[in-house]
Amino acid sequence: MMHGALTVFWREMVKYKRSKGVLFVTIIQPVLWLLLFGVGLGSTFQETEEGVSYVNFLIPGVIALSILFTSLFASFNILLDKEFGLMKEILMAPTSRNQALIGYSLSGLAKNLAQAFAVLFIGIFLMVFSNDNTVLFEESDGVFSLFLWFLLFLFIIVLFSFGFLFLSIAIAARMTSHGGLQAIITLLTLPLFFASEALYPSTDFPVWLSAISTINPLTYAVRVLQIALLGYGFTIGGQDLHYGVQDIVTGFIMLGLFAVIMLYLSIKSFQKIKIW
Amino acid sequence: MIDDNSKVKAKNFETDEIGNDTIVMVKDLVHKYGEFTAVDGISFTVNRGEIFSFLGPNGAGKTTTINVMIGLLKPISGEVYVDGINIIKSSEKVKDKVGIVFQETLLDREMTVWESMEFHGKLYKIPKDERHAKIWELLELVELHEKPDELTKWLSGGMKRRLEIARALMTEPPILFLDEPTLGLDPQGRVLIWEQIEKINKRGTTIFLTTHYMEEADKLANRVFIMDHGKILISGTPERLKDTLGKDVVYLYLMEKERAKGAIEDLDFIREIVEFDKGLELLLHGSGIPLVPRIMEVLDDLKPKLVVDGVNIKRPSLDDVFLYFTGRKIIRENETYKHNFHH
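Chains A and B, in that order, give the protein sequences.
My numbering puts the first residue of the first sequence at 1, with every later residue one more than the last.
My numbering puts the first residue of the second sequence at 1, with every later residue one more than the last.
Do not rely on the hints blindly, as some may be mistaken.
Said to hold, decoys possible - Straight-line C-alpha distance at most 16 Å; calculated EDC-like pairs for lysine to aspartate or glutamate:
id, chain 1, residue 1, chain 2, residue 2
1, B, Lys93, B, Glu104
2, A, Lys88, B, Glu146
3, A, Lys88, B, Asp96
4, A, Lys82, B, Glu104
5, A, Lys17, B, Asp108
6, A, Lys17, B, Asp96
7, A, Lys17, B, Glu110
8, A, Lys88, B, Glu92
Claimed, not checked - Residues of chain B clear of chain A, computed beta-carbon distances all greater than 10 Å:
id, residue
9, Leu72
10, Ser77
11, Pro148
12, Tyr213
13, Lys247
14, Arg294
15, Val298
None of these hints come from the bench; they were simulated from the model.
Please read these numbers as outputs of a predicted model, since none were measured by experiment.
Glycine included, each C-beta is placed from N, C-alpha and C at the ideal position.
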């Protein structure tokens with residue numbers, strides 16, 4: 001049933017594994033973000049006894065940001081396949097366009113997961129080897145509970161990835177040049193990036209910025225990831241943050257809604273691809 | 001009883017029309033891109049097992065016709081049947097029936113020879129064991145079995161083409177479309193592709209070839225259709241097409257073209273006189289060897305004396321046919337003389 005999608009996924013993975021450079025960069029980039037930005041900007045935050053360190057605060061944010069970037073740029077492959085005509089082979093085969101779309105999306109998801117785990121691994125490394133008292137998956141008490149929090153963590157990544165992968169595909173399927181795609185994506189990432197709580201807590205946002213923040217999917221992804229990794233309440237730079245279960249529920253609803261709308265738009269765009 | 005018989009007859013008539021030995025039937029095919037008419041009402045049939053060639057310059061409408069036949073393009077009007085399937089009505093069903101090698105190279109640079117084949121086989125849902133056996137068989141056929149792990153970006157132009165041909169055969173289609181298969185290849189690469197096309201044809205695959213290389217159509221095709229500006233100008237076996245120019249082409253090298261033409265244009269064995277930069281090209285009804293002395297006799301009698309610098313007798317090639325019918329490169333007789341040879 002998913003034959004076409006899995007075949008396209010297989011092709012993308014074959015190429016991803018081969019391009020060692022790309023593989024290395026996509027994994028090392030978020031780690032650099034975390035270490036350089038975390039240490040650099042972290043030095044300006046006043047760290048308190050009971051609070052989390054800035055580097056640890058940044059872990060959920062950097063995971064979300066890398067997913068945002070990788071997802072948005074994932075559709076470059078689609079644009080290239082379209083431009084060089086390789087998509088003819090896929091679209092002429094007895095498989096539906098939706099299958100091809102899902103195949104491309106799954107490969108984007110795989111790349112996102114690779115990044116997320118790289119960041120998580122560094123986070124665990126920091127947790128174990130630094131004298132910081134932060135514990136990742138803060139709320140878990142016991143193996144089963146840890147497992148559930150980990151599932152939550154995974155699930156939110158999948159949902160969030162799909163939303164932006166579909167958005168990116170919806171744009172790329174209609175574009176004819178990569179310059180154009182790059183411009184649109186860059187324009188899109190800036191407001192998403194800054195009107196979120198990925199890099200700093202947003203309790204002091206002015207009204208207009210928090211308005212953007214409430215419709216920004218990144219905000220919700222960051223919040224749920226923060227809860228999963230850092231707990232319902234934590235202190236960062238002297239600010240006490242308190243979340244609840246309702247934040248998780250809202251996050252899922254918003255990200256789910258976003259993914260569904262984007263899926264619809266990407267299907268529409270994909271149907272319009274002309275291959276001759 | 002009578003009713004039954006007539007039904008059988010009607011049925012027979014239908015299969016006769018599409019024909020058991022006919023794999024492609026195209027009737028009154030028209031396609032336009034906006035105002036531009038790419039294909040202008042062409043009709044033809046392709047017989048099962050033959051190598052069929054469209055010969056024509058770029059922009060003649062060859063690729064458009066292929067795109068219609070493989071179900072990529074809906075034409076403005078016309079009927080198209082491929083292996084018994086009405087393409088206009090059900091373009092989806094033709095996907096398994098046709099193999100296609102497009103004019104541009106469509107290989108993923110970052111995938112190996114084997115992976116390219118594997119991907120295609122997977123897309124067409126060929127079961128694993130069968131697929132792998134098929135990949136080796138076809139790679140051997142196109143002589144790429146020693147390079148399964150080579151990235152396609154390191155292959156030569158000819159190897160890339162052969163890989164694409166092998167890939168198109170993964171589904172064992174009854175008909176293989178090759179759009180300008182040797183475009184841009186060196187002579188050795190081209191000869192190798194020709195050998196392989198003949199080998200594939202001998203395995204039982206009908207080949208539909210478009211080309212603008214005359215010698216390619218001449219060497220490979222059972223039948224050649226010369227196409228220009230969306231129309232089929234003439235069709236037939238390469239031999240018959242060459243015969244349409246007459247038995248022989250005679251080149252007279254001389255300065256006074258007009259005077260010579262005036263003297264010989266009424267000779268009944270001369271079909272047409274074409275001027276070229278160094279003299280006249282004569283298309284004859286018969287063999288050149290006995291007829292050239294008769295032409296020379298007429299020219300010798302002219303007063304004042306007309307100097308002929310040289311004579312060349314040539315069997316017409318498909319090149320000459322192509323240039324004659326598309327009217328490119330050769331200078332046609334001007335209008336005033338035209339009615340003379342269409343007697």
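Non-interface claim for serine 77 (chain B) versus chain A (Cβ beyond 10 Å): Serine 77 (chain B) is indeed farther than 10 Å from all Cβ atoms of chain A, at 19 Å.
Lysine 17 (chain A) and aspartate 96 (chain B) were given as a pair; does the straight-line alpha-carbon distance stay at or below 16 Å? Judged against 16 Å, a Cα distance of about 31 Å means the pair is violated.
Are the Cα atoms of lysine 88 (chain A) and glutamate 146 (chain B) separated by 16 Å or less? Measuring from Cα to Cα gives roughly 28 Å; hence the hint is violated.
Check on lysine 247 (chain B) being off the interface with chain A, judged by Cβ distance over 10 Å: Consistent with the label, lysine 247 (chain B) stays out of reach of chain A, its closest Cβ about 43 Å off (over 10 Å).
Taking the shortest Cβ-to-Cβ distance between tyrosine 213 (chain B) and chain A, state whether it exceeds 10 Å. 23 Å, holds
Does the structure keep lysine 17 (chain A) and aspartate 108 (chain B) at a Cα separation of 16 Å or less? Measuring from Cα to Cα gives roughly 15 Å; hence the hint holds.
Measure nothing beyond the straight line between the CA atoms of lysine 82 (chain A) and glutamate 104 (chain B); if it is 16 Å or shorter, mark the hint as holding. 13 Å, holds
Just want to verify: proline 148 (chain B) was marked as not at the interface with chain A; is every Cβ pair farther apart than 10 Å? Proline 148 (chain B) clear of chain A: closest Cβ-Cβ about 14 Å, beyond 10 Å.
Quick one, are lysine 17 (chain A) and glutamate 110 (chain B) close enough, alpha carbons at most 16 Å? Roughly 11 Å between the alpha carbons, so the hint for lysine 17 (chain A) and glutamate 110 (chain B) holds.
Lysine 88 (chain A) and aspartate 96 (chain B) were given as a pair; does the straight-line alpha-carbon distance stay at or below 16 Å? 15 Å, holds
Checking one constraint from the list: CA of lysine 93 (chain B) to CA of glutamate 104 (chain B), max 16 Å. Satisfied? Violated, at roughly 25 Å.
Is it correct that the beta-carbon of valine 298 (chain B) has no partner in chain A closer than or equal to 10 Å? 56 Å, holds
Figure legend: structure checked against the earlier numbered hints; hints not met, in rising order: 1, 2, 6, 9.
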